[in-house]
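The listed protein sequences correspond, in order, to chains V and D.
Residue numbers are given in the numbering used here: position 91 of the first sequence equals residue 91, and the series is strictly consecutive.
With the second sequence counted from 1, adding 133 to any position gets you the numbering used here.
These are computed hints drawn from the structure, not numbers from a lab.
Just to be clear, a hint being listed does not mean it is correct.
Computed beta-carbon distance windows for the label pairs [as the list claims (entries may be wrong)]: (1) D/367 - V/110: 46 to 56 Å; (2) D/239 - V/44: 48 to 58 Å; (3) V/62 - D/188: 27 to 37 Å; (4) D/588 - V/132: 48 to 58 Å; (5) D/606 - V/41: 21 to 31 Å; (6) V/40 - D/236: 52 to 62 Å; (7) V/40 - D/419: 22 to 32 Å; (8) V/127 - D/353: 21 to 31 Å; (9) D/416 - V/40: 40 to 50 Å.
None of these values were measured; they are calculated from a predicted model.
Backbone N, C-alpha and C fix where the C-beta goes; we use that ideal spot for every residue, glycine too.
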Amino acid sequence: MKLIILTSTVLLFLGVGCMHTHNEISTEGNTGEPTPARITELSTNDKKMLQDAARTLLFGRKITLSNTVFSKQNTVFVERRSKQNEQGKIIDGRQREIAAIVLSLWLENGECYLQRNDTKDKVKLNNAGCQSL
Amino acid sequence: MKTVPLLASTILFTLFISACGGGGGSAPRPSPVNPTPKPPAESRWTAGVFPDESEFKDKCAVVRTTNDIDGNPYPDTLGTSFDEKMWLRSWSNNTYLWYDEIRDRNPDDFARTLDYFDILVTEQRTASGAQKDNFHFAQPTEEFESFSETGSSSGYGINWAFISSTPPRNLTISTIEADSPSSEQGLQRGDRLISINGIDFVDSSVDSDVDAINAALRPSEDAVETEFVFERVDGSEINVTLTSGTFSTSFVNNAKVIDTNAGRVGYVRFDGFQRPGQTPLINTFQQFIDENVTELVLDIRYNGGGLVAMSAQLGYMIAGPNQTNNRNFETFQFNDKHPTIDPLTGDVIRPVPFFDREIDWESGRFTNNTLPNLGLTRVYVITTEDTCSASESLINGLRGIDVEVVQIGGTTCGKPFGFQATDNCGTTYFTIQFQGVNDKGFGEFSDGFKPLSNPQFDDELPGCEVNDDFTKSLGDENEGMLSAALFKLNNGTCPTATNATTTAHASKKSSSTNSKGDIFDTRYRSFLLENSIYTELETLDSQQ
Numbered sequence: 001m002k003l004i005i006l007t008s009t010v011l012l013f014l015g016v017g018c019m020h021t022h023n024e025i026s027t028e029g030n031t032g033e034p035t036p037a038r039i040t041e042l043s044t045n046d047k048k049m050l051q052d053a054a055r056t057l058l059f060g061r062k063i064t065l066s067n068t069v070f071s072k073q074n075t076v077f078v079e080r081r082s083k084q085n086e087q088g089k090i091i092d093g094r095q096r097e098i099a100a101i102v103l104s105l106w107l108e109n110g111e112c113y114l115q116r117n118d119t120k121d122k123v124k125l126n127n128a129g130c131q132s133l
Numbered sequence: 134m135k136t137v138p139l140l141a142s143t144i145l146f147t148l149f150i151s152a153c154g155g156g157g158g159s160a161p162r163p164s165p166v167n168p169t170p171k172p173p174a175e176s177r178w179t180a181g182v183f184p185d186e187s188e189f190k191d192k193c194a195v196v197r198t199t200n201d202i203d204g205n206p207y208p209d210t211l212g213t214s215f216d217e218k219m220w221l222r223s224w225s226n227n228t229y230l231w232y233d234e235i236r237d238r239n240p241d242d243f244a245r246t247l248d249y250f251d252i253l254v255t256e257q258r259t260a261s262g263a264q265k266d267n268f269h270f271a272q273p274t275e276e277f278e279s280f281s282e283t284g285s286s287s288g289y290g291i292n293w294a295f296i297s298s299t300p301p302r303n304l305t306i307s308t309i310e311a312d313s314p315s316s317e318q319g320l321q322r323g324d325r326l327i328s329i330n331g332i333d334f335v336d337s338s339v340d341s342d343v344d345a346i347n348a349a350l351r352p353s354e355d356a357v358e359t360e361f362v363f364e365r366v367d368g369s370e371i372n373v374t375l376t377s378g379t380f381s382t383s384f385v386n387n388a389k390v391i392d393t394n395a396g397r398v399g400y401v402r403f404d405g406f407q408r409p410g411q412t413p414l415i416n417t418f419q420q421f422i423d424e425n426v427t428e429l430v431l432d433i434r435y436n437g438g439g440l441v442a443m444s445a446q447l448g449y450m451i452a453g454p455n456q457t458n459n460r461n462f463e464t465f466q467f468n469d470k471h472p473t474i475d476p477l478t479g480d481v482i483r484p485v486p487f488f489d490r491e492i493d494w495e496s497g498r499f500t501n502n503t504l505p506n507l508g509l510t511r512v513y514v515i516t517t518e519d520t521c522s523a524s525e526s527l528i529n530g531l532r533g534i535d536v537e538v539v540q541i542g543g544t545t546c547g548k549p550f551g552f553q554a555t556d557n558c559g560t561t562y563f564t565i566q567f568q569g570v571n572d573k574g575f576g577e578f579s580d581g582f583k584p585l586s587n588p589q590f591d592d593e594l595p596g597c598e599v600n601d602d603f604t605k606s607l608g609d610e611n612e613g614m615l616s617a618a619l620f621k622l623n624n625g626t627c628p629t630a631t632n633a634t635t636t637a638h639a640s641k642k643s644s645s646t647n648s649k650g651d652i653f654d655t656r657y658r659s660f661l662l663e664n665s666i667y668t669e670l671e672t673l674d675s676q677q
């Protein structure tokens, strides 16, 4: 399992993909099982931290999360923002794809982290108000 | 670690979804490494001769050095804007649904790539006189690849109805997001905007005021405070200060069971075929079954579409197994160059059946949970011009298996088409590539489905034409559209004077004239409610 530690919100990349050198921590051997987490009162800083972490997991793509993300469940679907007309109406055609990118929030050994489920990449969230779900 | 257990899946379904790209979905994945150099492409345009599009793909005037969403470099190689235009030409000739209606014009006559893309489109019109292709557009790939939480929208948590965009303007609240400050401060459907930050919204034609209105309605970031004054339905005014943010949408709303002389009627408002809507939709149908519902009013007046798979699920939950077994919900038809093979995926074209099981959206597979179903032979749908795409697929799919669809409201938007977003050289292009048809092979409803008392054609449905009623809450049995549906259900006829107490939703479209102060004036193309800023592509192209 890959874990990318965010130190001072800076994540290092080397070439293609996520860096997995000395910053990588394997959860194998840890006694604590990861448990689903939530953030009941999302502060502005928490939201920014989550969006920064998500952006890292999406290789720098901009992402917007809601003010209540992870307040009731530990997973969230994220997808490309649909093109809209001047009135805010979506002008894309039918969506044929099924699977979506899922981000999930976890607590493990007292630490909170955000995971991109399809790649298993994770980013640690320092001082986020995570609680066990 | 998997947060959602992978339950037994259906191989066929997996194959189906693996074959699917996505209109509005992902652009094709580029190769993880820079491809080998391509052979020289045609350097001149010859009318009627279309080299294979692969000769020009990824040959760019400006090569991107960034990586895609999977961390792989984009496959760009150095080329010219002529290469980019020639790729558009060959790609359109290969995949555009009406490729034989494109006038073949010399790319060299167009300085900008996007100007050339704009003319790679049919010039024909529908029976009503509308443009045949209203869905031809492009956007910077960087913008296309920005993400958001599914079902969230940025702004104040207000969904607006544009009744008039020119002075005297009328912008009225149609719905409010539940967890937004707009809800907390008591704003309601039907509240009409009077002023923003002290500026007269209704009548001001001063350019600086219009700019300020647009900026205030479209906050570019969270935590922007804006003062609003609304006029309520009863004529009183309400002053609120709202803080911008990003708010999640509830897709399944106002579900209830209504006792009528004709039996127990289930009513539910469904606002989008989006993944978070699956569970509440299933729960609602189970509730209807538990409460012995025998008729259904499905309110999709604000449902702009989304996932075809979910539309196929809803079709099953309405019609049940006896009517849907071995029947097709929708089949995607491409142009006549591709009668059997999907040119976007390379797979054999397979119809979309009525899906009878829950979908695990993360893995893209069925779960073991069979969907509840009402087994109805008739459904009442409430529609407006905002009822679009996958919502129209539902109507068409049910009619394809002879479920009677009674339409209450206004003509739908008319989008039987789809496309796969395709990136080339930093721009993502959308051109119509397929049309959805039902089990009877019908899919020609470009002018929308229309409710009529005596329908004559396949795009006309039995029903009642009724305007949206902003004077009542949605789900209120006295609300104009729901009231008309219940009247029709109980009496078999449309109520008289259905428009007497309603606001004309049909008048929402603004005048095409750009009179001073029109907030949709092309000067203000960046105006968007609730969502991301519309970035004009001129900026991108001019950089090339």
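Q: Could you tell me whether the CB distance from residue 416 of chain D to residue 40 of chain V stays inside 40 to 50 Å?
A: Check failed, 24 Å falls outside 40 to 50 Å.
Q. Could one say that the CB atoms of residue 127 of chain V and residue 353 of chain D fall in the range 21 to 31 Å?
A. 27 Å, holds
Q) Range hint 48 to 58 Å: satisfied by the CB atoms of residue 588 of chain D and residue 132 of chain V? A) Cβ of residue 588 of chain D to Cβ of residue 132 of chain V: about 57 Å, so the range 48 to 58 Å holds.
Q: May I ask you to test the hint 48 to 58 Å on the CB atoms belonging to residue 239 of chain D and residue 44 of chain V?
A: Given a distance of about 54 Å, which is inside 48 to 58 Å, the answer is holds.
Q: Using the Cβ atoms, figure out if residue 40 of chain V sits within 52 to 62 Å of residue 236 of chain D.
A: 59 Å, holds
Q) Does the Cβ pair residue 367 of chain D, residue 110 of chain V satisfy 46 to 56 Å? A) 54 Å, holds
(Q) Quick check: does the Cβ-Cβ distance between residue 62 of chain V and residue 188 of chain D fall within 27 to 37 Å? (A) 33 Å, holds
Q: Starting from the range 21 to 31 Å, see whether the pair residue 606 of chain D and residue 41 of chain V falls in it by beta-carbon distance.
A: 30 Å, holds
Q.
A range of 22 to 32 Å was offered for this pair. Does it hold for the Cβ distance of residue 40 of chain V and residue 419 of chain D?
A. 29 Å, holds
Going down the numbered hints, you'll see the structure goes against just number 9.
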